[in-house]
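Engineer: The chain contents come next:
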Amino acid sequence: MIGGLFIYNHKGEVLISRVYRDDIGRNAVDAFRVNVIHARQQVRSPVTNIARTSFFHVKRSNIWLAAVTKQNVNAAMVFEFLYKMCDVMTAYFGKISEENIKNNFVLIYELLDEILDFGYPQNSETGALKTFITQQGIKGQTKEEQSQITSQVTGQIGWRREGIKYRRNELFLDVLESVNLLMSPQGQVLSAHVSGRVVMKSYLSGMPECKFGMNDKIVIDKQGKGGASDDAGKSDLGGGSGKQSIAIDDCTFHQCVRLSKFDSERSISFIPPDGEYELMRYRTTKDIILPFRVIPLVREVGRTKLEVKVVIKSNFKPSLLAQKIEVRIPTPLNTSGVQVICMKGKAKYKASENAIVWKIKRMAGMKESQISAEIELLPTNDKKKWARPPISMNFEVPFAPSGLKVRYLKVFESKLNYSDHDVIKWVRYIGRSGIYETRC
Amino acid sequence: MPYLGGEETVRELRRALSNPNVQSDPLRYRNTILKVIRTMSQGVDVSGLFSEMVKACATVDVVQKKLVYVFLCSYATLNPELSLLVINTLRKDCQDPNPMVRSLALRNMTNLRLPSLVEYVEQPLTAGLRDRAACVRRVAVLGWAKLHNLHPSSEIDAAVVNELYSLLRDPDPVVMVNCLRALEEILKEEGGIAINKPITHHLLNRLKECDIWGQSEVLRVLQRYRPQSEDELFDILSLLDSFLVSPHPPVMAATLSLFLSISSNLPVISLAALERVSGPLLAACGSGSREMRFAAVCHIQLLLRSVPGLLGPHYKRFFCGYAEPAYIKERKMQVLVELVNDENVAMILDELKGYCTDVNTDTAQAAISAIGRIGRSYSDRCLQILTGLLGLKQDHITSAVVQTMRDLVWVCPQCSDTVCLALDGCEETLQDIQGRQALLWLLGVYGERISTAPYTLEVLIDRVRSEASLGIKMELLTATMRLFLCRPAETQDMLGRLLHYCIEEETDMCVRDQALLYYRLLHCGIEKTREVLQGRRSDPSLGVLIGRPAKPVSQWARCFNTLEPLSQGAVEAESDSRGSPEHVTYNSKPNADLSDTLSCSHIEEVHSGAEKIEEVDCAWIEECVRCPAVLHCSPQSLQAAMQLVNIQTLAFTPQQMLPWRVYLYTHTQRSHSMDAPNTTLILGELLCTGEANQKSGVKKGTADSEAGAEGKEDQLVRKEMDATADRLRVSEDGQEEEEGIKVILNQQPKDDDALRQFLTILITVLNTLSSEKD
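In order, the protein sequence lines correspond to chains V and F.
Numbered by the UniProt record's numbering, the letters in the first sequence go through residues 1 to 440 in order.
Numbered by the UniProt record's numbering, the letters in the second sequence go through residues 1 to 774 in order.
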C-alpha cells in the first residue's frame, strides 16, 4: 500500500503532496528532495530507501512523481500504479508539465482522493472517473444525471451508460504501432519488437455487441483446418509482405473485452465504451517488417576529421509513402564544423544537440537515399574516446510493421434495429518508430 | 520550505475569506479557497485559517466541499476542538441523497484522524456498510481500518468484524477487496484474515472481476492458504494458470509468488511455473517504461539463482540500449554474465566490450568486471579484450582492467603470462588508489616475469613521501619485499630506502609496524622471509570449475514480488562492480599472509594450543578409495555427476595428469541440531598422486579450517590451492605402487554422522563413475 504521493518540479519544489497514512511524516517530502532530486550524482535506482522509508519515483519530462511507503510492498505494483496515475492525468489535461499541474491542481487532489483511499488503489479507470470528476465540477446536475452516474459507478457495465443515440452509427479503428530496433553496425538485428495499440472511436447507439477479428496466428490456424480461408484477401490494406498471420507475444485488453471468451476460443467480443478508447495493446517480436534499413559508414581521417556516410533504404511496397522521416546522426562534442551533402530532403548540423539532423518529407518504398558529411574536429587533449552513440531514426508509415491486419469488426445490436451493414467503419494503420537505432 | 511573506499571505487570505462580498459570490469564494490550498501545498503554514475554512464547508458546491476537506484533513490534528464543528456538517452529508456526497463525507470523516471524534464516526460508518450504493460501502469498509489504525490497541466490535466478513460476498469487487484489506489490518495481531477453504474458493472464483490492484491484493493474501488435498491444489493451479501469463507484471508476479508458496513441497511444479512465467517476464524486461524494466530484471536475477539455464536462448533481450540509465545497464550485465555459454560467449563478449567505453564510468567499470567474471571460464577471449582496453589509456578503464586482471589471475593462474605482458606501461595512466594497489600486488607476485617491475617500483618509492594513501604504502612495502626475493640485485637498494623512510619518517602506525616487521624478518634470514612472503601462490596446473549450486526456490520465494530484490541486489551490484569483497581480502592481504604463516610457526612453539582449537570445531577424515578409472573422466562429467548429489566442485587438474586433484565442497544439514547453526560445511580433496598414499596429506593446513569459517567461495579456492602447494612438496617423493584415490575431508563445525554419510555418497558416486568408464 502507498503511504503518500508527492509531485515535484525539476527544482524540487512540491507541487502536490498527499499523505494517506499516519506512518509517513511531514519530513518525508523533504527527505526525497534532498536525497534524490538535489543529489549531485545521477539517479542510482528508481527506488530509494531513506530511513526505512521507500521512495518510488517516476519522471515525466521534468516532473517527479514519488510514491512513499514504509511497508515491504510489491514494487512492480507501485510502479504500475504510478504509470496509471500519469495516464489518468494525461487523459484529463494532456501533457504532464509543471504548468499543467499548477493549473489543474484542484483536479489532481480530487483524483488522488478518488484513486487511492488509505493507500489502496480504488478506481483507476479513466472512463469511469471522467463521469463524476469533471473539470467544471458537478454542481449543476439534474436528478436524472445523478442516477446515471450512480448506476455507472455501481453497475455491472462501468464503461457505458444506457440510452446512447446517434443518427449515424460510425466507428473508427486505428492500428497504431511503434517499431523498436537495435541493429549492429554490420546490419545484424540485435533486438526488435513492435508494440502496438488498437484504438477505437465508437459512435454507436444502444448497447451494441461487437466482435473483432485479426490475423492472429492461433485463430487462423484453427480456422485453416475448417477450410475457411476465403477472407484472406478481404482486407488487404497492409503494405508489407504478403504473410497471412502473425504471432502475438502478449496482449492486454480494455476491461470491456470478455476475457473468458478470449481464453477459450480466442475471439474478442465486447460492448464498447462510447467515444475514444484503447481496445487492446499487444507486442510482437517475430517476423517484423523493418520499414527502413540504415547503413552507416564512419571513417576517422586523422585526428581532426571524420567522414560519415549514411545510406537509408526503404523496405516496403513501392506504392506506399513513408512520412516525416528524420535521421539523427550524432557528432562528437568537439565538432567545429560540418559539411553535409544529401540526395534528398534537408540536412542540418545542430550544434546544440550534437547531431546532424536529416529530414525527408516523403519517401516511397524500395528506394534508397544517402547523406555524406565531413565533420571537422577541434584537436583536444582529452584522450577519452568518443563513444559513438547510435544513429536514431523517426518515421511514419501507412502500414503495420508487425503485419497485423484487421479481418473484421462486426456489430450486433438486438434491441435497436440497425444491423452490421448500416454501421460505417473506417480502418487506418499507422506504423511509427519507437527507439529505432543503428549502431555505428 | 519556508517562504518569505508567509504571514502576510495568510492575513490577506483571511481577509478575503471573511469578506461577505466574497462569500456571497460562489465563484469568488471558491477561487479564494483554491488560493488557500495552493499556498498550503507550497508549504506555508495556513493553519490559522481553520475556523474560516470550517465555515466554508457548509456549501452545496461539491468541488468547494472537496477543497475544504483537503484543508481540514491536513490541519485537523492541530485543532481538535474546532474540528468538532465540522462533524455536524459531515454527518448531515452522510444522509444526502447523492451517493457521491455520502461517500465523500464518510471518507473525510475518517480521514480527519482525530481519536476524540471516534464516537461520532462509528454510527455513520455502520450505516455506510449497509448503504445501497457500492461507492459508499467501499469507503465505509476502509473507514473501519482507518479507525482501527487510530487506536491500534482497542478492540473492534466483533459484530463489525463479522459484518466485514460477510461483505466479502458483496457484489461489487472493489468492496470485496477493500474488505480483505480492512480485515488484514484490523486482525493484524491474529495474523490477518482467516483464510479457510470457503473464503479461498470464493475469492478465487471472483478473481476475474477485480481490477489488477484487486487481483494482486487477493493473490497476496491467498499465499497463506494451504490446500488440503493434492486435487484441490491442482484445481487452484489450473484456475490460476491464465493469470500466470497475465500481461500486467504485478499480477503475473503475484500469481507466481502464490504458485511458489502453495506448491513449495512440489519442486517440479515450481519449476514448471518458472518456465511458464519466463515469457511474460521477458516481455516486462522490454516494456516501455524503465522502472518496470528495472523491476523485471531484478526479479529475473532471483529466478536465475534456481534455474540458471532458463533464459539462455534469450540473452539478446538483455543487451543494453544506449540511452538506458546506468542502474538498468548494471543489472543487465549481471544477468548476461549468468547466461554465458559456449554458443553465445562471442556475442556477449562483443556486446560487453561495447559497454566498456561507456560515458558513465560506473557502467564502464561494471562492464569490465563482468568480462572478468566471464574470464573465469573463457579466459583467453576475455584477456584479449581486456588487453585491448589497456590501449585506450584512460585512467578509469585501465584501473578497472588491472583490478579485474588481478582477480582473474588468482582464480585462473594460467592467465598469468598474458597478464604480465599486458601490464607494461599501465602505471602512467593509473590514477586511483584501487587500481594502483592492484598493479602493485601484481608486480610483487609476478615480479620475476615483468622485466620493468623494479623501475616501476623505484619511481613510486621515490615519490613515497608525497603519497597520501595508506593502502598504497602498505602494498608498496609488500610488493618491494616480494620483488627483492626474486630479483635481489636490482631491488636491494630501493628496498633499503623504502624501509628507512617507513621506519624513520612515516607517521602512520600501520605502515611503520609493517616495515619494522619486514625489517626483523629479513634479520631471520632469506629462507625464512621467502617462506613467509611467497608461501601462497596458486597452482598453475589447476583449472577452476566453480559449480554454482542451483539454490532451492524456497530460498528466495519469500522475497519474490516485494521490494527486496530491487534493493538487496543493489548492494550486491555495488560490491560486484567495485570488487570490494576482493578488496577486503587484498587490503588486508599482507596481514592475512603473515598471520597465517606466523601461526604456522606458532604450532611448532605452542603446539598444543593451536592444535586444540582445530580439534574442537572441525573434523578431519582421510580415506582411500580404489576407483582408478575416475582419473580418466573429463572434469565436466565429474562436475555433472557431483552436482546430481549436491556436491559442488571448486577446482581440478586436467585429466590424466599426475598428481591428479579435485577440490569440492558441500553444505550438509546437521543431523542433531541443538544450539549450534544447523548446517556444516565440508571441504574435500580427491588426490591421486599415482604412488603409495601413506605419505601425502599429512600436513594439516590451517588455511582449510579458516577458509571454512569464512565460508566465501572465492577465498576457498585460493586457500585450498595454496594448501595444495604445501602438500605437493610433501608428497612428491615416492614411487608408483598402487593406483588409488585418496579422499581428504575437512568439516566445520564438527558432525561425524553427516561426514560419514557424505563420504559414503561420495564413494558411491566415484564408483559409479569408474564403473561407467570400464
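Hints are not guaranteed to be accurate.
Stated by the list, open to error - Quick list of in silico lysine-lysine cross-link-like pairs, DSBU-like style, CA-CA up to 30 Å:
hint, chain 1, residue 1, chain 2, residue 2
1, V, Lys59, F, Lys35
2, F, Lys316, V, Lys309
3, F, Lys353, V, Lys130
4, V, Lys201, V, Lys346
5, F, Lys92, V, Lys70
6, V, Lys359, V, Lys346
7, V, Lys313, F, Lys188
8, F, Lys353, V, Lys305
9, V, Lys217, F, Lys35
10, F, Lys208, V, Lys410
11, V, Lys201, V, Lys211
12, V, Lys59, F, Lys66
13, F, Lys92, V, Lys309
14, V, Lys415, F, Lys35
15, F, Lys188, V, Lys305
16, F, Lys393, V, Lys102
These aren't lab readings, by the way, just hints derived from the structure by calculation.
Since the structure is predicted, the reported quantities are computational estimates derived from the model, not experimental observations.
Engineer: Against the structure shown, which of the earlier numbered hints fail to hold, in ascending order?
Structural biologist: Hint check: 3, 4, 5, 7, 9, 13, 14, 15, 16 fail, others pass.
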